[in-house]
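Chemist: Sequence:
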Amino acid sequence: MKRSILVLFWVFMSATMFAQGGIDVAGIVLDEQGQELIGVSVQIKGKQGVGVVTDFDGRFKMTGVPAGSTLVFSYIGYETQVVKIVRANQQINIVLKESSELIDEVVVVAYGTQKKANLTGAVSSVKVNDIKDIPVSNTSSLLQGRMSGVTVSSFSAQPGAEGDVEIRIRGINTFGDSNPMVLIDGVEGSLNSVSPNDIENISVLKDAASASIYGVRAANGVVLVTTKRGNADKKTLSYSGSYGVQKATVLPTYINSWDWATLYNEQNEAMGDVTSNYTPEMIQQMKDGSRPDLFANTRWSDKIFRSAPIQTHHLSMSGGNATSHYMGSVGYVGQDGIMEGTSTDRFNFRLNADSKFIDIITLGLNVSGNHEEVEEPTIGTYYVFEQMKWHSRPSVPYKYSNGEWGFVDGNDKMQAIKNPAYATTITSKKKYSRFDGKAFLEIEPIKNLSIKTSFAYQYNQWNSIGAEPAYIPQDSYGNPVGGSGKNYLTDAYYSETQWINENIITYHFDVNGHAFNFLLGQSNQYNNFRSTTATGEDLPSDNITVLNGALSTSAKGDAAEAALRSFFGRVNYNYKDRYLAEFNLRRDESSRIPKKNRTGYFPSVSVGWNIAQEAFMEKYSFISQLKLV
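Numbering (the working numbering), first residue to last: -19 to 609.
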């Protein structure tokens, strides 16, 4: 329920179809593997902006389509299809084929790249040209509707809240966490830590064949993010910015206060208890609005949801020469949430540089960081919504005429409500800071042999300060109607330090059409965690926001460290782009597991047959790719 209630409106996602008359058309869109395609554009040919997009099940429905119209089905990375409407209530089933232009495309895979036509695992990719014009505050949103088998859902009204965004690759895990592993330039991190404008490519490894080389952490799939680097051919200085407005487009419709009161009375009568019933006089006062402080008609969703702006700014500079390249950027994202009391401000920077010496040695450096400040209701956006659904009544005023918050109506038999609009004014402030640095050295002593070592360092911290004032609800006359007279102040701090060392050797050769690619690697990872939480209770004033002003205080803390040592390897075999095979093996030793069982092995084997490369397929020129894996 919570996932489907709140939907952010983006003007670029789809246009709403307005037509009078015509016929109804519905159907489903799949890829060649039978997976539902989310976000496929379905438009009427010749009518710009008139159409819909497929939903989470790959389905679409259009009403008022003129008879004889032609529908155009288009999706990034797939061939466009057209279908002519011949009858009313026509059911259309579409299978989109991957674009033949992408057959020779090279995609990012684990610890390298590979020709897409020669993949034996399930890998999808999104390039910079596909996402560069999309204004989002959360990088996770870039994956929405762009890959089959990948769904992105948000169940929070808090802008930019990555923790409230679910990424699911081919469904959910039956045990534990279902989130995929995210690697940014080869280092585990957060999608929110990288600006969409700095991204060159996003690859998603969906199955065990493609992801097993990362071990158990890849059980839910892997998202590989590659950031931009400089171009030797040209120097660029660019700025991009956007401004938009978002709003909740799907909200529950509540009945008016007098109908609610009538239904409430009927419920009590059916249960045999009418002691709290609303009298006919009370119901009439709701209808005519003669006593608004006692009997109102409040639409709570209008009080806590709003149209909210979002703006993005990004400045970047890149360049290079035959031996050296660089790319630097700074950016800002500012977003007010669709719920009152929510906002996000994020600043980020990035510097990528590399240089080649004596033709065989390459040195490189990746440095990035961001700082984010978030404001949200102390109880959380989800629970504000819960208050609106379950703990409020339309008969209670949003505010009384004296300006105080409404908590009761004129029926003294009813308890005070939890005013959801009041809850949006009690906010907590969180600050997030992150720094990522990676240095690498690559040596190519002979042709086709590469030896690469890297060292990465990460520091992540956040601080949250939230205050809950004394909760003493009053009626319209200023009389207390219950609640707690204590106020609280909570100050929480968390930090994480991580460093990773990786050493990788790759070698490939080709003999009479038999191509072999070998990869051997070793990795060491160390993590350190620290957290403290301090709480103050019963402060003399709600305006005091320091802990030593509280009548009583308490504090707790936690600390932990962990290490992971890994060995991994991969062998790829390819005969004339026709017969394919891949073998992966990873060995992990984790300090988080007792010594007796802390070692795990993660193998995978996959094979493929490019049937389209066989001689007997030459006469079928209309088939550009046909592969079994």
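What the hints contain is simulated information worked out from the structure, not anything from laboratory work. Among these hints, one or two may not hold up.
As the list claims (entries may be wrong) - Derived Cβ-Cβ restraints for the label pairs, each shown as a range:
| id | residue 1 | residue 2 | range |
| --- | --- | --- | --- |
| 1 | 510 | 239 | 49 to 57 Å |
| 2 | 441 | 213 | 37 to 45 Å |
| 3 | 462 | 219 | 49 to 57 Å |
| 4 | 50 | 421 | 55 to 63 Å |
Quantities reported herein were computed from a predicted structural model and do not represent experimental measurements. Note that CB positions come from ideal geometry on N, CA and C, so glycine has one too.
Chemist: All hints, please: hold or fail.
Modeler: Against the structure, the hints come out as follows:
1. 510 - 239: 49 to 57 Å: Given range 49 to 57 Å: holds, Cβ gap about 55 Å.
2. 441 - 213: 37 to 45 Å: For residue 213 against residue 441, whose Cβ atoms are near 40 Å apart, the range 37 to 45 Å holds.
3. 462 - 219: 49 to 57 Å: For residue 462 and residue 219 the Cβ distance comes to about 55 Å; the hint holds.
4. 50 - 421: 55 to 63 Å: At roughly 57 Å between Cβ atoms, residue 421 and residue 50 fall inside 55 to 63 Å, so the hint holds.
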